Amino acid sequence: MKRSDLTEFEIEEQGFKLKICRGPDGVPAVSGGQMPIHTPPHMVVEAPRPAVAAAQDTLPAATLTAVSTAPDEPGVSYIKSPMVGTFYRSASPESPPFVEIGAKIEEKTVICIIEAMKIMNEIQAETKGSVLEVLVENGQPVEYGQRLYKIKVG
Amino acid sequence: MFEAKVGGFVIFYLSMIQKILIANRGEIALRIVRACRELGIKTLAVYSEADVQSLHVQLADEAICIGGPKSSDSYLRADRIISAAEIADVDAIHPGYGFLSENAKFAEQCESCNIKFIGPKSKSIKIMGDKAIAKDTVRKAAVPIVPGSDGPVETEAEAIKAARKIGYPVIIKAVAGGGGRGMRIAHNDISFAKEFHVARNEAEKAFGNGAVYLEKYIEKPRHIEFQILADSHGKVLHLGERDCSVQRRHQKLIEESPSPFLTADLRKRMGKAAVRAAEAAEYENAGTIEFLVDAKGNFYFIEMNTRIQVEHPVTEEVTGIDLIKQQIRITNGEKLDFDQGDIKFEKHAIECRINAEDPARNFAPSPGTIGLYYSPGGHGVRLDSHVYGGYTIPPYYDSMIGKLICFGSTRKVALERAYRALSEYIIRGIKTTIPLHKAIMSDPTFIEGKATTAYMDDFLSRTPPDLFS
Numbered sequence: 001m002k003r004s005d006l007t008e009f010e011i012e013e014q015g016f017k018l019k020i021c022r023g024p025d026g027v028p029a030v031s032g033g034q035m036p037i038h039t040p041p042h043m044v045v046e047a048p049r050p051a052v053a054a055a056q057d058t059l060p061a062a063t064l065t066a067v068s069t070a071p072d073e074p075g076v077s078y079i080k081s082p083m084v085g086t087f088y089r090s091a092s093p094e095s096p097p098f099v100e101i102g103a104k105i106e107e108k109t110v111i112c113i114i115e116a117m118k119i120m121n122e123i124q125a126e127t128k129g130s131v132l133e134v135l136v137e138n139g140q141p142v143e144y145g146q147r148l149y150k151i152k153v154g
Numbered sequence: 001m002f003e004a005k006v007g008g009f010v011i012f013y014l015s016m017i018q019k020i021l022i023a024n025r026g027e028i029a030l031r032i033v034r035a036c037r038e039l040g041i042k043t044l045a046v047y048s049e050a051d052v053q054s055l056h057v058q059l060a061d062e063a064i065c066i067g068g069p070k071s072s073d074s075y076l077r078a079d080r081i082i083s084a085a086e087i088a089d090v091d092a093i094h095p096g097y098g099f100l101s102e103n104a105k106f107a108e109q110c111e112s113c114n115i116k117f118i119g120p121k122s123k124s125i126k127i128m129g130d131k132a133i134a135k136d137t138v139r140k141a142a143v144p145i146v147p148g149s150d151g152p153v154e155t156e157a158e159a160i161k162a163a164r165k166i167g168y169p170v171i172i173k174a175v176a177g178g179g180g181r182g183m184r185i186a187h188n189d190i191s192f193a194k195e196f197h198v199a200r201n202e203a204e205k206a207f208g209n210g211a212v213y214l215e216k217y218i219e220k221p222r223h224i225e226f227q228i229l230a231d232s233h234g235k236v237l238h239l240g241e242r243d244c245s246v247q248r249r250h251q252k253l254i255e256e257s258p259s260p261f262l263t264a265d266l267r268k269r270m271g272k273a274a275v276r277a278a279e280a281a282e283y284e285n286a287g288t289i290e291f292l293v294d295a296k297g298n299f300y301f302i303e304m305n306t307r308i309q310v311e312h313p314v315t316e317e318v319t320g321i322d323l324i325k326q327q328i329r330i331t332n333g334e335k336l337d338f339d340q341g342d343i344k345f346e347k348h349a350i351e352c353r354i355n356a357e358d359p360a361r362n363f364a365p366s367p368g369t370i371g372l373y374y375s376p377g378g379h380g381v382r383l384d385s386h387v388y389g390g391y392t393i394p395p396y397y398d399s400m401i402g403k404l405i406c407f408g409s410t411r412k413v414a415l416e417r418a419y420r421a422l423s424e425y426i427i428r429g430i431k432t433t434i435p436l437h438k439a440i441m442s443d444p445t446f447i448e449g450k451a452t453t454a455y456m457d458d459f460l461s462r463t464p465p466d467l468f469s
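Residue numbers (the working numbering), protein chains in the order written: chain B, 1 to 154; chain W, 1 to 469.
Treat the hints as calculated values from the structure; they're not laboratory data.
Certain hints may be false.
[To be verified] Derived Cβ-Cβ restraints for the label pairs, each shown as a range:
hint: 1; chain 1: W; residue 1: Gly368; chain 2: B; residue 2: Lys152; range: 34 to 42 Å
hint: 2; chain 1: W; residue 1: Phe338; chain 2: B; residue 2: Ser95; range: 40 to 48 Å
hint: 3; chain 1: W; residue 1: Gly151; chain 2: B; residue 2: Ser92; range: 39 to 47 Å
hint: 4; chain 1: W; residue 1: Cys113; chain 2: B; residue 2: Ser95; range: 47 to 55 Å
hint: 5; chain 1: B; residue 1: Glu106; chain 2: W; residue 2: Cys113; range: 31 to 39 Å
Being a predicted model, the structure only gives us computed values, none of them experimental.
Note that beta-carbon positions come from the ideal geometry of N, C-alpha and C, so glycine has one too.
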């Protein structure tokens with residue numbers, strides 16, 4: 001409740017750009033007597049201004065669909081980014097992606113690369129299951145805790 | 001900076017800062033967002049998962065999550081912060097205070113990644129970060145330091161000779177010690193001999209190392225610090241002092257300017273010494289020189305804080321100079337456009353640090369969710385705070401939730417205004433130090449300007465705890 005008041009305040013009073021970017025877990029609002037522990041601040045991606053188009057590109061414009069207040073489904077988990085950097089689906093532009101939708105994965109399966117400060121870090125799945133969905137795009141900047149893959153557990 | 005030839009004229013383009021990453025949280029992060037807004041600079045907030053609801057994260061232009069709730073997993077992660085700076089293409093990083101603000105390595109990493117660090121050069125951080133090197137550096141600039149034995153004293157004979165040279169009273173400290181342990185005070189030759197041996201034995205037992213050194217013991221000193229502003233063109237100025245003597249366990253509670261203790265002459269001499277100290281460290285940007293001042297007006301350098309400080313608003317309200325904006329301008333390569341003589345000290349300002357702590361329960365931290373919240377206002381009242389009604393204070397960080405700065409034409413006006421503002425200030429749902437500050441504003445010793453660093457212990461010992469509920 002309070003958070004949406006704040007957001008409204010922003011829109012009305014500031015009238016300016018707000019940005020949506022994907023936050024960590026889409027934790028649903030806690031009901032029943034407590035102040036809600038909120039879903040992370042999905043800030044609105046602003047209408048891009050031509051002069052800063054390049055800057056805009058670096059933030060996940062495609063995440064408008066991902067205002068994920070939906071509760072976690074049973075048997076489903078998410079692989080989240082353990083670092084801040086740029087997400088790559090394959091080892092190089094010419095290589096095939098590490099995993100596709102439907103791929104079976106184990107704990108040690110490398111599922112992507114996240115580049116941080118010129119170092120390519122191979123990210124392991126750390127879970128067993130199969131890939132249901134790829135939630136980020138190749139070359140997209142990602143933040144800590146950002147959901148990368150939706151996994152069917154087991 | 002590069003030059004371009006256009007139609008026979010040479011034009012210099014400064015690489016102006018257009019986007020700043022704020023590597024901090026809470027009220028200082030909000031402060032930086034505000035300054036950037038006024039300068040038309042875009043802001044990127046990096047935040048931990050515990051700070052998702054933080055006000056500055058909501059108000060910044062962009063935000064990137066850099067880790068879990070613990071500082072060691074987020075705000076201290078230089079790698080993630082620089083990574084965020086790169087993917088968001090920022091020009092500069094403001095480190096705030098605490099966290100990485102005095103981490104020379106972080107400043108160096110920024111420098112090598114071509115990101116401007118809003119603060120001094122890493123070499124100045126290194127010089128002033130080492131207490132021994134700092135003292136030696138400023139001593140050479142004719143800045144008084146706390147007299148000491150320059151290293152351990154081995155024998156009683158050597159020690160007594162050093163003690164006499166320093167002048168009693170002296171404090172005998174364990175080389176391997178810390179946290180106030182292994183320290184003994186001697187007031188004359190006779191007691192010194194005894195205390196020296198006791199100190200050595202205690203040090204040996206407590207730390208496995210009996211080596212001790214000596215320092216002059218300054219009784220009930222005042223903590224008086226000077227604000228420095230230096231540009232990258234060699235100009236170093238001071239913006240007056242702040243008296244921060246009201247401390248509990250070495251944590252400042254109240255800061256004010258001007259100091260009720262300093263005479264005009266002492267202020268002038270200390271101001272000049274502060275500038276010399278900053279120049280000796282080749283300082284740029286904002287910093288603070290800390291002194292201890294004894295009852296006779298002798299002052300001694302203790303350390304330099306190579307960052308913007310919590311209590312910077314006190315100086316801002318006295319001088320009218322926006323320190324955060326100046327920090328950004330200095331980093332932009334701009335010259336300070338005023339001189340020492342242009343700085344006017346027009347007001348008296350006093351800051352109360354509002355902490356989410358319960359004074360009645362020995363200042364136990366009181367995190368939780370704020371209910372009803374009404375903040376004070378009116379003429380001469382400034383509140384720097386990131387909290388709001390409905391906000392949940394996370395338990396992972398320090399307990400300061402805001403700074404109330406009241407100012408006026410005289411100290412009397414400032415104190416009375418502070419009392420008035422504190423009386424209006426309502427924060428329900430958590431315990432705060434608001435009642436403590438009100439009690440101090442009404443205390444004769446404080447009102448008379450007599451508080452030294454011994455004040456808080458004395459005040460608490462004579463104040464019934466239920467005064468704070």
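Here is what the structure says about each hint:
no. : hint                             : result
1   : W:Gly368 to B:Lys152: 34 to 42 Å : holds, 39 Å
2   : W:Phe338 to B:Ser95: 40 to 48 Å  : violated, 59 Å
3   : W:Gly151 to B:Ser92: 39 to 47 Å  : violated, 58 Å
4   : W:Cys113 to B:Ser95: 47 to 55 Å  : violated, 28 Å
5   : B:Glu106 to W:Cys113: 31 to 39 Å : holds, 36 Å
Violated hints, listed in ascending order, are 2, 3 and 4; each of the other numbered hints is respected by the structure.
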